[in-house]
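Trainee: Sequence:
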Amino acid sequence: MATHAHSQDDNTERNNNSGPLENLCLTSLRACELMTPLIASIYDELILTSSSSTGSDGVQKTKKDNSAFTIADGTVQRLLIKCLFSNVAFRDIVGEEDEGEEEDDGIDDNWWYQVQGLIIPKHVQPLVDSTRIQIESLAKNLLVSNSNESYYSKLTVFIDPIDGTREFSNGKGEQCSICIGFADEHGKAIAGVVYRPLSKPSPTWVAGAKSEGYASHNFEEEEEQSTTGAVLSTNGSISPFVESLIAELDVPRIKAGGAGNKLMMLLQQSISVANKEEVSKTHRGHLYIQDRGVSRWDTCAAEACLNAFGGQLLKLTDFLEDEKDGYYTYLASQTNLDFIPNTANLTKYNSNLQDLPSPAQKAQDVCQVKAYSNLCGLVCFGKEFNTQEGRKYLRDAIRKAAAINAPSLD
Numbered sequence: 108m109a110t111h112a113h114s115q116d117d118n119t120e121r122n123n124n125s126g127p128l129e130n131l132c133l134t135s136l137r138a139c140e141l142m143t144p145l146i147a148s149i150y151d152e153l154i155l156t157s158s159s160s161t162g163s164d165g166v167q168k169t170k171k172d173n174s175a176f177t178i179a180d181g182t183v184q185r186l187l188i189k190c191l192f193s194n195v196a197f198r199d200i201v202g203e204e205d206e207g208e209e210e211d212d213g214i215d216d217n218w219w220y221q222v223q224g225l226i227i228p229k230h231v232q233p234l235v236d237s238t239r240i241q242i243e244s245l246a247k248n249l250l251v252s253n254s255n256e257s258y259y260s261k262l263t264v265f266i267d268p269i270d271g272t273r274e275f276s277n278g279k280g281e282q283c284s285i286c287i288g289f290a291d292e293h294g295k296a297i298a299g300v301v302y303r304p305l306s307k308p309s310p311t312w313v314a315g316a317k318s319e320g321y322a323s324h325n326f327e328e329e330e331e332q333s334t335t336g337a338v339l340s341t342n343g344s345i346s347p348f349v350e351s352l353i354a355e356l357d358v359p360r361i362k363a364g365g366a367g368n369k370l371m372m373l374l375q376q377s378i379s380v381a382n383k384e385e386v387s388k389t390h391r392g393h394l395y396i397q398d399r400g401v402s403r404w405d406t407c408a409a410e411a412c413l414n415a416f417g418g419q420l421l422k423l424t425d426f427l428e429d430e431k432d433g434y435y436t437y438l439a440s441q442t443n444l445d446f447i448p449n450t451a452n453l454t455k456y457n458s459n460l461q462d463l464p465s466p467a468q469k470a471q472d473v474c475q476v477k478a479y480s481n482l483c484g485l486v487c488f489g490k491e492f493n494t495q496e497g498r499k500y501l502r503d504a505i506r507k508a509a510a511i512n513a514p515s516l517d
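Take any residue in the sequence shown, note its place counting from 1, add 107, and you have its number in the working numbering.
Heads up, a few of these hints could be off.
Stated by the list, open to error - Straight-line Cα separation of at most 27 Å, DSSO-like style, residue types lysine-lysine; simulated pairs:
hint, residue 1, residue 2
1, 229, 317
2, 168, 507
3, 455, 477
4, 307, 362
5, 507, 170
6, 171, 499
7, 279, 307
8, 189, 477
9, 171, 189
No wet-lab data here; the hints were simulated from the structure.
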């Protein structure tokens with residue numbers, strides 16, 4: 108499958124001749140581009156207020172599970188759901204930031220300026236208004252006017268408005284991304300966009316829909332990629348299993364925030380490797396292998412993009428034990444559709460319990476876990492590893508690491 112680098116101008120011209128999934132990706136990319144000035148403005152506000160004596164409490168807060176939330180998270184999700192996708196009869200739209208059901212006739216300008224108890228600064232509000240108008244116009248011209256309504260009605264959209272909020276709020280905005288994924292009626296991720304609005308010198312992105320042969324990217328062309336593959340990991344602590352895996356693979360660890368950002372780093376390295384005449388043990392792609400939980404909105408777009416570029420995002424449990432490809436299910440649901448009793452450890456991030464779970468407490472009932480938590484770990488690799496030999500190499504290394512330290516699955 109051919110992959111291409113395109114500018115946003117190229118993408119705008121392609122919309123009229125694209126398939127229904129590519130059209131969704133191109134329209135989503137354009138919406139991300141339109142939101143970038145607003146996101147940058149909020150990011151600057153966060154940096155400014157965090158260094159002031161009053162702090163940044165007015166534009167960010169900590170959620171119940173101790174994860175970060177900013178006015179950018181709520182505003183970007185609203186712009187995508189209420190302005191871009193509201194006139195398309197998708198099967199469902201699932202966003203990370205749960206605001207409950209909101210009747211359209213209850214939405215006014217003041218609603219747009221208040222996000223989960225946080226007030227958007229007055230000098231940023233005009234940018235919210237202009238961005239709303241631009242995205243509503245984009246939706247009218249490129250989504251409502253097309254003839255794909257019946258096809259779109261089968262799709263579920265998964266949105267992470269700011270993936271890597273912790274980095275976004277701590278001055279590492281280049282590591283955050285907007286993730287927009289599309290899944291079919293069976294819950295399979297089939298198209299997606301991952302967009303880094305604060306990359307320097309300009310935004311970077313990947314997009315793909317394998318069934319339509321669409322795989323496109325825009326990276327910083329001047330950036331020279333490492334000749335050595337690495338395991339991509341969180342900026343924070345890693346589990347004993349991942350430590351053992353890094354030692355077994357004998358590769359360096361690269362710390363980075365955000366699942367979408369790590370997916371883009373993996374793909375950029377994978378594309379670089381594919382362009383080399385010779386690939387050796389000292390020149391191979393990055394890996395993202397995780398036994399700790401992320402969520403469906405973190406991985407839907409990433410999985411679709413990896414598939415489009417010839418890679419895979421698979422469940423760690425299936426890859427390790429059953430030697431088969433296990434995928435997460437991306438459908439709206441009140442319960443977790445990939446739950447396996449007595450497998451995952453309950454944490455403050457995945458637990459549905461009123462009280463914090465006890466250490467090493469296994470989830471025995473689906474009601475104990477959040478509906479969209481990824482409880483089976485994940486294995487992400489590029490096209491260069493997606494061969495019988497490459498998969499065997501990874502599986503052998505994972506099994507050896509697991510024999511030393513079992514995956515946490517928390």
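Trainee: For each hint, tell me whether it holds in the structure or not.
Mentor: Comparing the hints with the structure gives:
Of the pairs offered as hints, the one joining residue 229 and residue 317 is violated, with about 43 Å between alpha carbons and a cut-off of 27 Å exceeded. A hinted pair counts as satisfied when its Cα atoms are at most 27 Å apart, and residue 168 with residue 507 does not qualify at roughly 41 Å. With a C-alpha separation of about 10 Å, the suggested pairing of residue 455 with residue 477 holds against the 27 Å cut-off. As the CA atoms of residue 307 and residue 362 are separated by approximately 18 Å, the hinted pair is consistent with the 27 Å bound.
Using a Cα cut-off of 27 Å, the hinted pair residue 507 and residue 170 is violated, with the two alpha carbons roughly 37 Å apart. A distance of roughly 41 Å separates the Cα atoms of residue 171 and residue 499; the hinted pair therefore is violated under the 27 Å criterion. With a C-alpha separation of about 12 Å, the suggested pairing of residue 279 with residue 307 holds against the 27 Å cut-off. Of the supplied pair hints, the one linking residue 189 and residue 477 holds, its CA atoms being roughly 25 Å apart against a limit of 27 Å.
Proximity of residue 171 to residue 189 is assessed by CA-CA distance (about 25 Å); at most 27 Å being required, the pair is judged to hold.
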